[in-house]
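K.L.:
Sequence:
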Amino acid sequence: MKRKIVIAAVSLFIAVIIFSGGFLSGYILTGAGDYFSSIIPGSSKPSVENEESSVKNSSDKDSGILAISETIDYVLANALNEKTRQELIRAAIEGILTELQDRYADYFPKEEYEKIMESYSGTMSGIGVVVTIDDEGQVLIIKTIEGTPAHKKGVKEGDIIIAVNGKDIKDMALDQVVAMIKGKEGTAVNIKIFRPSENKNIDFKITRQRFYVPNYFVDVVDDGIIYIQYIDFQEKGAEKLNGELKKVLGSEANGIILDLRNNLGGILDDAVAFCDLFLDKGVIVTVRGRSNNQESFEEFDAKKGGYTEIPVVVLINGYSASAAELAAGALKDNGRAVIVGEKSFGKGTVQVLNNLSDGSGIKYTTAKYYLPSGATIDGVGIEPDITVILTPEDTEDMQLNRAVEEIKKMIGNQS
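If you read the sequence shown in this note's numbering, its first letter stands for residue 138, the second for the next number, and so on.
These are computed hints drawn from the structure, not numbers from a lab.
Derived EDC-like pairs (lysine to aspartate or glutamate); straight-line CA-CA distance at most 20 Å:
id : residue 1 : residue 2
1  : K247      : D495
2  : K545      : D522
3  : K307      : E273
4  : K480      : D272
5  : K383      : D359
6  : K329      : D305
7  : K418      : D470
8  : K293      : D534
9  : K418      : D438
Listed next, with one range per pair, are the computed distances between beta-carbon atoms:
id : residue 1 : residue 2 : range
10 : M535      : P351      : 21 to 29 Å
11 : K307      : A216      : 24 to 32 Å
12 : F331      : E283      : 16 to 24 Å
13 : A204      : K441      : 55 to 63 Å
14 : D522      : K289      : 33 to 41 Å
15 : L203      : K441      : 54 to 62 Å
16 : A325      : P246      : 16 to 24 Å
17 : T445      : K546      : 16 to 24 Å
The model shown is predicted, which means the values in this text are computed figures rather than measured ones. For every residue, glycine included, the Cβ atom is placed at its ideal position computed from N, Cα and C.
All chains, full assembly: derive it from the sequences and hints.
P.N.:
This is the structure we're talking about:
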């Protein structure tokens, strides 16, 4: 089926304060925690042909907007509790989003929206950590990027952020915390973390720097076994990976390990292109939702890739989410890969991010995506074929070790 480019994105908000993940066109599937899902930057407005069905009587629409405007004017002029016009406008917008009863719906003032959009460029000014919301609602650092300010200062994976610039972040949305940590290059941010392994709080003063973070790393872990850590799904990430693999693989490549652990998602188009590299046919994903007052359906079919004969093992864990789960599930359902690790996060919805006329933005759910089997992973996750649980006491990466063992078996079976 022909692929249709949809200006959409997912917000699982892979709150990479590194911040990565191209954000140009296509659904963005990111996910785990309060701000994980899909986002659509610059999503199109209702088309002319659907305008009449969405607003049957334009006078009703105009009178409704006028009533909201009048309410704001009356409150500004007479209410005992004084508020600014901007505060009331924000409250009105947030009230609409609350009515949706959508856990991913949110409103972003102009400054926050601009930071979110910047975060998808791959080049950013920040401290260099990837964060998510854990089961207890805490902001957990799941990765520090080597060479970045946070890494140099000694921030570690597993640290829990409890305050930013002296402000307690308990009960804050993840995107708000991220916006506080990001900032202008050369400025400093004060971070207080709790380190469970040492049972103590630690204060860091970190100077923000501008840096580029690639979305993948390629290495050779054993004879002819290629290890690919895919950090997130960025604009044209798979295309760049393909170029890298052409240089690395050669004729000696016997197996590939795809590490999608701690990959919170990214752009749908890139996830599809990523799967294309390893599939020769079959459905990759189906997206079903609502657009322009109509039900929408989009099926993405595989194009024959260049690495369809090489055995593949995929690594996942509880922080593999959204687009990462889509990729793992598509390769599994098409019989193309063995999955090793832990059950994935379970993020299978798509959000849209619309830019408003004043520069602010809104996010809300528009669709769900389904694996080739027809199953949705939303709230369910993907179960690995081989479960390997990592513990804090492990001194080796037992999941990767098992992946190497499994790929060797697969190579042996091909002989």
